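Peer 1: Generate coordinates for the entire structure from the input sequences, incorporating the hints supplied.
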Amino acid sequence: MSGTPLMIRASGLTKRYKTVEALRGLDLEVPEGKVLALLGPNGAGKTTAVRCLTTLLQPDEGSAEVAGVDVLADPVGVRAKIGLSGQYAAVDEHLTAYENLVMIGRLYHLGKPAAQQRARDLLDRFDLTEFADRPAKTYSGGQRRRLDLAGALVAQPPVIVLDEPTTGLDVRSRQQMWEVIRDLVSGGTTLLLTTQYLEEADRLADDIVVIDHGLAIARGTADELKARTGGERIEVVIADAEDRDAAIRVLSEVTLSDVRVGDNGRELTAAAGGSGASDLLRVLQGFERETVTVLDVGLRRPTLDDVFLALTGHAAEDADSDAADAAGDETEKELAR
Amino acid sequence: MSTTAQALSDGWVVAQRNLIKIKRVPEVLVFVLISPIMFVLLFAFVFGGAIEPPGAVGYREFLIAGIFAQTVVFGATFTGAGLAEDMQKGIIDRFRSLPMSRSAVLVGRTTSDVVYNVLSLIIMALTGLLVGWRIREGFLDAILGFALLLLFAYAISWVMAWVGLLVPSVEVINNASFIVIMPLTFVSNAFVPTERFDGVLRTFVEWNPVSTLTQSCRERFGNTGGQPAPDAWPMQNAELYTLGWVVLILLVFVPLAVRQYRLSTSK
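Quick note, the sequences are listed as chains A and B, same order.
Be aware that the first sequence starts at 1, since it is given in the UniProt record's numbering, and climbs by one per residue.
Be aware that the second sequence starts at 1, since it is given in the UniProt record's numbering, and climbs by one per residue.
Careful: at least some of the hints might be erroneous.
[Claimed, not checked] Derived lysine-lysine pairs resembling DSSO-like cross-links, with alpha carbons at most 27 Å apart:
no., chain 1, residue 1, chain 2, residue 2
1, A, Lys34, A, Lys81
2, B, Lys89, B, Lys23
3, B, Lys23, A, Lys112
4, B, Lys89, A, Lys112
5, A, Lys137, B, Lys23
To be clear, the hints were calculated from the coordinates, so they are not data collected in a lab.
These numbers were taken from a predicted model, which means no experiment stands behind them.
Peer 2: Written out as structure tokens, the structure reads:
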């Protein structure tokens, strides 16, 4: 790599549970000040990878360094360099936001006065001052996640690791969280984040690694990935299944990818080429020419499912629940929009 | 900072976190402050007339040391349940991702339980004084009696810490400890004088560290009514025998609990 030093480097990470291989030789590199998104469905191994990199779990094989410190040789050294915010907000629900942050600061050995000052700064920055003196169990999901993220920043670590920071949040909280994270990385922090949302990776990350069954199946910038998987999706619902062949013909002429047909035979999806809107217009003109009656039509951003379909030829599937359990892994289900 | 100093200082931060709960979680308050009062009153008034201790001492005065012992031993359940609860929550990942001492979570939990026990003992002592308990030896003796109670409870805390990590379910801990601690505290001299037991039970009572703990406290508080300790060696050397158990338990269960903590958090 060029001049920028790597802040996270993992090679050949392997982790086996009784019956499942959660990681099968994963390589990752994050240069200083960059954001890497690890994108994949439930059970792909995202959380296992994060746990290996943050010393919560020992990989069976492979090596990893965070901020130049070896994860296996000096786990405590690594912990002093990272801030971790997990998928299940790791806050003490009986403590107030302020008490949570002061406790974390003291366990980073900042000293009590410095920990208190830092807690007040973070509460202010994360819009939590208003609730700072209420126990965390009274907080909304979004407030808890913000508090958890604040906890990861207490010691101003050079590397931040966020495991599915917005899974389970409503749209508004998710957008607030994105703002907070963008703010964070503009300050030069190196960030590794896992997500199931292509949109999230697109918005936040410099580079994306798509992971499936413990292996990286694609890597690149969001644009490179989109070039391979197509941009926006055109979705149409036709009135009569008999028009299907004509509709597919029109869609194929205009769009890039193969046309996907929904279960009932009347919902068709295809990836738009350069400009979604003009492609959509051409599709509609084609339908008029072929006299295909359309019930509903729209453009949507590609989802993880679309990426998987394009890369692997199959839809993103959750690993079986046992495997996910064994991996202590993602259990929340996510339906692709 | 040395590793031990680090463990103690990190442990104290975790202990303070646990102590905040007495203000926030009503069950903790009830467990630590209300149930000890209830125990003193129940036993004093229900059994008060039914059992006549040997020697020149009333039952209530005889009883209090036994209730102290029982309550602090039962208090250890709290250690196990608290740890089991922590292990189920995300907070344990937070702790593990911090550059803190590995044993701080355990040190913190057992330390905060000492503080809870101090509070319980103060409450029980005051309630005891109200129903007729008296300290008849010197102030220093009484302090030593309380110190032995706390020390023994601290040792049992580590046993329950290990159990709490082994079986990380609050319900199971509560039931399991009930099954062990009930016989241990009832088949002792805590509520019924040693002289009332026969045969195997009598031997068990005499060698039961809860009995020797109670006996030590009665002697330190001056609640024996002049009745000499039973002939068995542990009862004759009650403090030494109790301290022996404390050392033995700590030597076995501190390493076991620390090991179990590492195992259960590296899955």
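Peer 1: Determine for every hint whether it applies to the structure shown.
Peer 2: Results of checking the hints against the structure:
1. A C-alpha spacing of about 16 Å is found between lysine 34 of chain A and lysine 81 of chain A, which places the hinted pair at or below 27 Å, so the restraint holds.
2. Between lysine 89 of chain B and lysine 23 of chain B the CA atoms are separated by roughly 20 Å; this keeps the pair inside 27 Å, and the hint holds.
3. Of the pairs offered as hints, the one joining lysine 23 of chain B and lysine 112 of chain A holds, with about 22 Å between alpha carbons and a cut-off of 27 Å not exceeded.
4. Restraint check for lysine 89 of chain B and lysine 112 of chain A: satisfied, since their Cα atoms lie roughly 25 Å apart, inside the 27 Å limit.
5. A threshold of 27 Å between alpha carbons decides the hint, and for lysine 137 of chain A with lysine 23 of chain B the separation of about 14 Å falls inside it, so the pair holds.
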